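> Once you've looked at the hints, dock chain B against the given chain A.
Chains as they are written, first to last, in the working numbering: chain A, -14 to 253; chain B, 14 to 301.
The hints are simulated quantities; they were obtained by calculation from the structure and are not laboratory data. The structure displayed is predicted, hence computed values, not measured ones. Some clues are possibly wrong.
[Stated by the list, open to error] Derived lysine-lysine pairs resembling DSS-like cross-links, with alpha carbons at most 27 Å apart:
#, chain 1, residue 1, chain 2, residue 2
1, A, 153, B, 193
2, B, 85, A, 117
3, A, 46, A, 153
4, A, 153, A, 90
5, A, 117, B, 193
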Amino acid sequence: MARKTPSLISRYGADTGFMTFVAFLMAFLYIPIWVLIAFSFNDSRSLTWPLSGFTLDWYRKLAENSDLHAAIGNSFYVASLATVLTLLVGVPAAMVLHKVSFPGKSVFRRLILLPITLPGIVTGISMLNMFKLMGFPLSLETVVLGHATALLGVVVTQVYARLQRLPKSLEEAAYDLGATPWRTFVDVTLPNIRSAIIGAGLLSFVLSFDEIPVTFFLTGRDNTLPMYIYSTMRRGVTPEINAVGTIIVLLSLILIIVAVVAGRERKK
Amino acid sequence: MSILRRNLPGVLVMGIPVLWIALFMLLPYGIIVTYSFWLKKYPTFIPAFQFGNYITIFTDPQYVLVFLRTLKISILVSIASFLLAYPFAYWLVFRCRSAALRTWLYMAVIAPLWVSYLLRAYIWKTILGTEGVLNSFLMSIGLIDEPSSLFLYNQFAMVVTLTYIFIPFMVMPIYTALEKIPTNLTEASADLGMGPWRSFWHVTLPLSLPGVAAGFTLTFCLSFGDFIAPFLVGGPDGNLIANVIATQFGAALNWPLGSALAIVMLIVVLTIVSLSDRMERKGLSGGI
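Excised from the complex, chain A in its bound form (with noise of 0.2 Å):
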């Protein structure tokens, strides 16, 4: 009995710390997004304690900004080649990886995994070299090959993941039953892969539509909603960022929250 008081007390006590420790996180992680939003709506240039009014004028300068207009469009443009280019290349790549056993497929695969790794500044300047060796002009096409092998081990990894998890009868089954392995693919194997593959495509999606380090490098005089924050954050800090930074977090959480609904499904 003696024993157990001292125990009671000190797991009491380190729940507490516990506790104390995830709310300080929790601040240090959301402290700064609710400061981003609050400064979007305040009416002063500088972004200086305490806040002095409300106002909606950032906003309104966004929706006469043209420039910005351009750049969103551009991200779309690029986000959405890339994404469906890295699931064309991907998802066959985690089929190879799965199924097919060849000299030279532990390189293979690391190569893939690569560029989750490796900081997008390498493959940038990696591209950059190739393209300007071969005479290719930079434009946004080029952005998007550099998003799509970036991206590539995102994809890879979520599709191989799932199809690990599939029973292998299935496929038995079917080859059993006379399909061809291409029929075999449509009406098995995809059915079973398709929700990986929308995760895979909608993570890519936000990935490229965020991406900074490899863009830099391979964009020509088009930007991307990125590299056009970026490069007005170079000029200085601006209640103009916090809105578009405002309706980006908004964005975001709606798209988490599609994330997570898709989810439940699949597992029901």
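The following block gives chain B in isolation, referenced to the frame of chain A:
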């Protein structure tokens, strides 16, 4: 002909990724390896085979300093992320009693990944700046009299910002590793008379090491190659390797040296990835 047609899907499935990798990864890497041996000759550069660029990187104090600074910042960021992520993940997996709360808190830490990376660096610039939110806040509550330049444009600001940006990459693998540990192992060690600290030290921590290794690899490599956060919050003495590489391809126009720096970066990353691979494999075979 008919053989080809029957095997066409197979050829495509195999061919597309192999071709893509050869064209957009192997070839470009090959080109920068080649360039890294070339000579800068104003206004461009000429083919050569010499190690001058590498010798410069490892002997010129300017580059050695940047290299060491990058190493230091990336290690500090990894350690800071680890110190925040591990207790959090541990609490979520072993102490949090409500499953709903666990899901919510886990999501809350991962969610910022979906919010623009650039914005997350920018936020800290606005918070830590001389005329920023933190300074004006401290002044308004009377803690300081005049704006302090202590917060922005130094290595502290860089570590805070990069930790803020990359902490999800530390939480995810550690959480996954902790979740895999069967609770009956810690129960068994408690039954055998071990206190909670010793159980943690001898059972939980060793079993979660593969996750820790993966987390360190990701945060280290990502900070190691970052050039946006240093640019926004690092200040004049805050250049990291990636900034120097970017300069070689921009204003300095020394592509051979830039390529050599990129190769060094590539080698560092590859070394760390294979070290952590080995550690994870060891963890798997040494574990259960």
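> A separate judgement is required for each hint: does it hold in the structure or not?
Here is how each hint holds up against the structure:
1. A:153 x B:193: The hint holds at about 24 Å.
2. B:85 x A:117: violated, 34 Å
3. A:46 x A:153: violated, 57 Å
4. A:153 x A:90: holds, 21 Å
5. A:117 x B:193: violated, 48 Å
The structure does not agree with the numbered hints 2, 3 and 5 stated previously, though it agrees with the rest.
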